[in-house]
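Participant: Single-letter residue listing:
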Amino acid sequence: MFGILRTLWLTFLHLGHRRVTVGYPETRPALPPRYRGRIILSRDPDGLERCVACNLCAVACPVDCISLQKAEQDGRWYPEYFRINFSRCIFCGFCEEACPTYAIQLTPDFEMSEYVRPNLVYEKEDLLISGTGKYPDYSFYRVSGVDIPGKAKGDAEREQPPVDLHSLLP
Amino acid sequence: MTPPPLVVIAGTLAVLLGLATMLTWAERRLLGLWQDRYGPNRVGPGGLFQAVADGIKILFKQDWIPPFADRPVFVLAPAIGMMTVLLAFGVIPVTALWSIAGDLNVGLLFVFATMGLGVYSVVLAGWASNSKYALLGGMRAAAQMISYEVFMGLSTMGVVMTAGSFSLRDIVQAQAGLWFVIPQCLGCAVFLLAGIAETHRLPFDLPEGENELGAGFHTEYSGMKFGMFFLSEYAGIVLVSALVTTLYLGGWQGPVLPPALWFAAKTGALVCLFILLRAALPRPRYDQLMALGWKVLLPLSLLNIVATGAVLLLRAPG
Numbered sequence: 001m002f003g004i005l006r007t008l009w010l011t012f013l014h015l016g017h018r019r020v021t022v023g024y025p026e027t028r029p030a031l032p033p034r035y036r037g038r039i040i041l042s043r044d045p046d047g048l049e050r051c052v053a054c055n056l057c058a059v060a061c062p063v064d065c066i067s068l069q070k071a072e073q074d075g076r077w078y079p080e081y082f083r084i085n086f087s088r089c090i091f092c093g094f095c096e097e098a099c100p101t102y103a104i105q106l107t108p109d110f111e112m113s114e115y116v117r118p119n120l121v122y123e124k125e126d127l128l129i130s131g132t133g134k135y136p137d138y139s140f141y142r143v144s145g146v147d148i149p150g151k152a153k154g155d156a157e158r159e160q161p162p163v164d165l166h167s168l169l170p
Numbered sequence: 001m002t003p004p005p006l007v008v009i010a011g012t013l014a015v016l017l018g019l020a021t022m023l024t025w026a027e028r029r030l031l032g033l034w035q036d037r038y039g040p041n042r043v044g045p046g047g048l049f050q051a052v053a054d055g056i057k058i059l060f061k062q063d064w065i066p067p068f069a070d071r072p073v074f075v076l077a078p079a080i081g082m083m084t085v086l087l088a089f090g091v092i093p094v095t096a097l098w099s100i101a102g103d104l105n106v107g108l109l110f111v112f113a114t115m116g117l118g119v120y121s122v123v124l125a126g127w128a129s130n131s132k133y134a135l136l137g138g139m140r141a142a143a144q145m146i147s148y149e150v151f152m153g154l155s156t157m158g159v160v161m162t163a164g165s166f167s168l169r170d171i172v173q174a175q176a177g178l179w180f181v182i183p184q185c186l187g188c189a190v191f192l193l194a195g196i197a198e199t200h201r202l203p204f205d206l207p208e209g210e211n212e213l214g215a216g217f218h219t220e221y222s223g224m225k226f227g228m229f230f231l232s233e234y235a236g237i238v239l240v241s242a243l244v245t246t247l248y249l250g251g252w253q254g255p256v257l258p259p260a261l262w263f264a265a266k267t268g269a270l271v272c273l274f275i276l277l278r279a280a281l282p283r284p285r286y287d288q289l290m291a292l293g294w295k296v297l298l299p300l301s302l303l304n305i306v307a308t309g310a311v312l313l314l315r316a317p318g
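As they're listed, the protein sequences go chains A and B.
One point on numbering: in UniProt numbering, the residue at position 45 of the first sequence is 45, and numbering is uninterrupted.
One point on numbering: in UniProt numbering, the residue at position 276 of the second sequence is 276, and numbering is uninterrupted.
Quick caveat, the hints were computed from the structure, so don't treat them as lab data.
Pair by pair, the computed Cβ-Cβ distance ranges are: (1) 67(B) x 37(A): 44 to 50 Å; (2) 119(A) x 83(B): 48 to 54 Å; (3) 37(A) x 63(B): 40 to 46 Å; (4) 67(B) x 70(A): 55 to 61 Å; (5) 23(A) x 261(B): 32 to 38 Å; (6) 29(A) x 17(B): 38 to 44 Å.
Where a beta carbon is used, it is the ideal one built from N, C-alpha and C, also for glycine.
All chains should be modelled from the sequences, with the hints used to inform the complete structure.
Facilitator: The following block contains the structure:
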């Protein structure tokens, strides 16, 4: 009996408490930089695509929402098409973890509602941004030993020149 | 001067139905307030037009009657619910002059008669729906409302004995010196609890009990028929609040403010109490509900009658 009256009184006191609701469209939520929202493809500091079409993101994706095809030009690999079906995507971030070149990144943006379902399928031009995203200085080709025009084997950062195998003969 | 009867009827109906509609919004806002959230606040200023939007939505819904239902009874049940509540309002004196039926000398008995008929709405709805959840809800409603009606009547007998009349106007006028809530506090508490059970509101909403019965007696109802149940429930809240105001809180009496305003303020506060109860309390088990009724509240109301009678006899002249 006393407990019931106490409950009533305590509930009544909530009249003066602050409300916990965030009135969303008017008040924007403060999202942390690592929030897992809309997926983007970033570029390296030279403005070239970071994605090397290795397919690791597509393999890591638990819902199989990433589809891409490799193409090659002057020794550089790039995706011929890169498609993310956001009606399937669960924003788990596994693709970002799997990516060896920091190309695919999740951003703090979640406002992607569409009236038509096919509009949720994003093509490469929808995904690609002009900036570098979360890693401003990283460039895969600058640190890897891949041979591309303008950079031979051994020219990469922290890479030693290739060893002449013939010099190793006994 | 008494206002013309048609004005009284139209005014009471308009205010009552408007109030029942707006209560759907007010309850959600108040619940939100007590649960540290907002509730409906989008439609109109402060969400004020939410009730209108809900009304439009519910009117445009398909008016569907399940093929297995007993059609005439199924349609009749919500109408009975609304009708009985509105009928009971006929004798409530808002002020000394503002009452549809005037000064009916058996006013209180009439209210209990119509509220007793209100049970039919729920029982018939449960029966006509021809589905097990609705039937279970209907049976619960029947048992709950009939057993709580017993001491709902008995708890007011103290008031009737003190005032010496069944007329609600006389009862209010008898409270000119002291509101009956002081000498009849036991009766008031029992009557309030019985009133909550009678309107099957939380925490006594076992006929609906959505976690065990779907939606209880109105499981099969949709569209405006469901809306009718909803509105009659809210009108029932207003009715019980108005009754408590009339019987125990001195009705329209009060200093400075006009009488109608006093009546409205007291009734409004009680309606808020109803909503607070909903915000705070969990639903008891069904056997607990019945045990509370028969083993606690009924003896309490009998005790109240005996005590009141003894005091009246001791004070009686000669």
